[in-house]
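Visitor: Letter by letter, the chains look like this.
There are 2 protein chains.
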Amino acid sequence: MDKPENSAALDVIMSRRSVRAFTSEEVSDEQVEKLLRAAMAAPSAGNAQPWEFVVIRDKALLDKVPAINPYAAFAPKASVGILVCTDPEYEKFPGYWIEDTSAATENLLLAAHALGLGAVWTGVYPDSQRVSAFRALVQTPERIIPMAFILVGYPQSLPKPADRFLSERIHQNTWSS
Amino acid sequence: MDKPENSAALDVIMSRRSVRAFTSEEVSDEQVEKLLRAAMAAPSAGNAQPWEFVVIRDKALLDKVPAINPYAAFAPKASVGILVCTDPEYEKFPGYWIEDTSAATENLLLAAHALGLGAVWTGVYPDSQRVSAFRALVQTPERIIPMAFILVGYPQSLPKPADRFLSERIHQNTWSS
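One line per chain: the protein sequences are W and H, in this order. Just so you know, we're using our numbering here: the first sequence kicks off at 1 and counts up by one. Just so you know, we're using our numbering here: the second sequence kicks off at 1 and counts up by one.
Everything labelled a hint here was simulated from the structure, so no lab data went into it. A couple of the hints might just be wrong.
Quick partial rundown of chain W residues pointing at chain H, CB under 8 Å, derived from the structure [unchecked claim]:
(1) R16
(2) R37
(3) I56
(4) G116
Negatives, chain W to chain H, calculated, CB over 10 Å [what the hints assert, rightly or not]:
(5) S28
(6) P70
(7) K77
(8) E89
(9) S132
(10) A133
(11) K160
Here the structure is a predicted model, which means the values were calculated and not measured. Glycine residues also receive a C-beta, built at the ideal position from the N, C-alpha and C atoms.
Pulled out of the complex, with its shape left as it was, chain W reads as follows:
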């Protein structure tokens, strides 16, 4: 069953960083579809795929994001924003939607990096004010829960890979070893 190690994929995982400064170049619809295909390839509890995505290109909407989340002040400079949401009605095993949509979001971020784009995850859920504000911004039904807002564009510069390895966070068989 041996397969050669896919070092290009490991490189993408290890070198992905958050990108918050973008050029004016637009991300194409084809690229956005690749990002969403990657997101939807994520695992989910019972393979329920409980996600929904709102692709925001309307600058009038992106201009309103900094007032919703000051940590997303650069949103108006992004080419596109992707609001990752759940519809809890899709869940087969209730309560796992945060994990499912987070796995999808990480796939999306990695795919952006693989495409030479820059992206950043800005937090929405569980901040109830942000959840309500994004719901209002894109006019979702009340049952829809916005989980994260991802901004994507061409990076002004590529941050260097970070070494985040912490050997002390690894335990063998039991916590104390």
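Position chain H relative to chain W; hints supplied.
Guide: Relative to the frame of chain W, chain H by itself:
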């Protein structure tokens, strides 16, 4: 800023599937370290990196997993189990740890696939019985929350890629469009 598309990385994202049947070949310590390096390269709210990992190779422990989670009945056949946990004390922005540890878990699954290994995410949190049982199994302090249990081994066979793309889950600017 253009960079060539890393299609090998996209392939790994698009072709990863859950693997639940393993050969008897053991995953090496070096491979496990690569998986954990990938996990720790994930983004987290405020870069808090609120994760801890328990690597379980002890067969006596793996044998106890099916009683904790019947959906992980194959755990004793895995070469290694990795319990992804949080220590909420690491959080800078409380409440985001599920998202952070889920992004780390997805990185781990993708890295396993990139290494030619097979892996599967089995659910722990928010099932309070499984959380308590895993906490007892590996003897964590009470504040530690086991989030997911990942089983890893050499795959008996590689499942074919699945097409999970659902165009109806994509909205443009607002929900109704």
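Visitor: Tell me, which hint numbers fail for this structure?
Guide: Of the numbered hints given earlier, the structure breaks none, since each of them holds.
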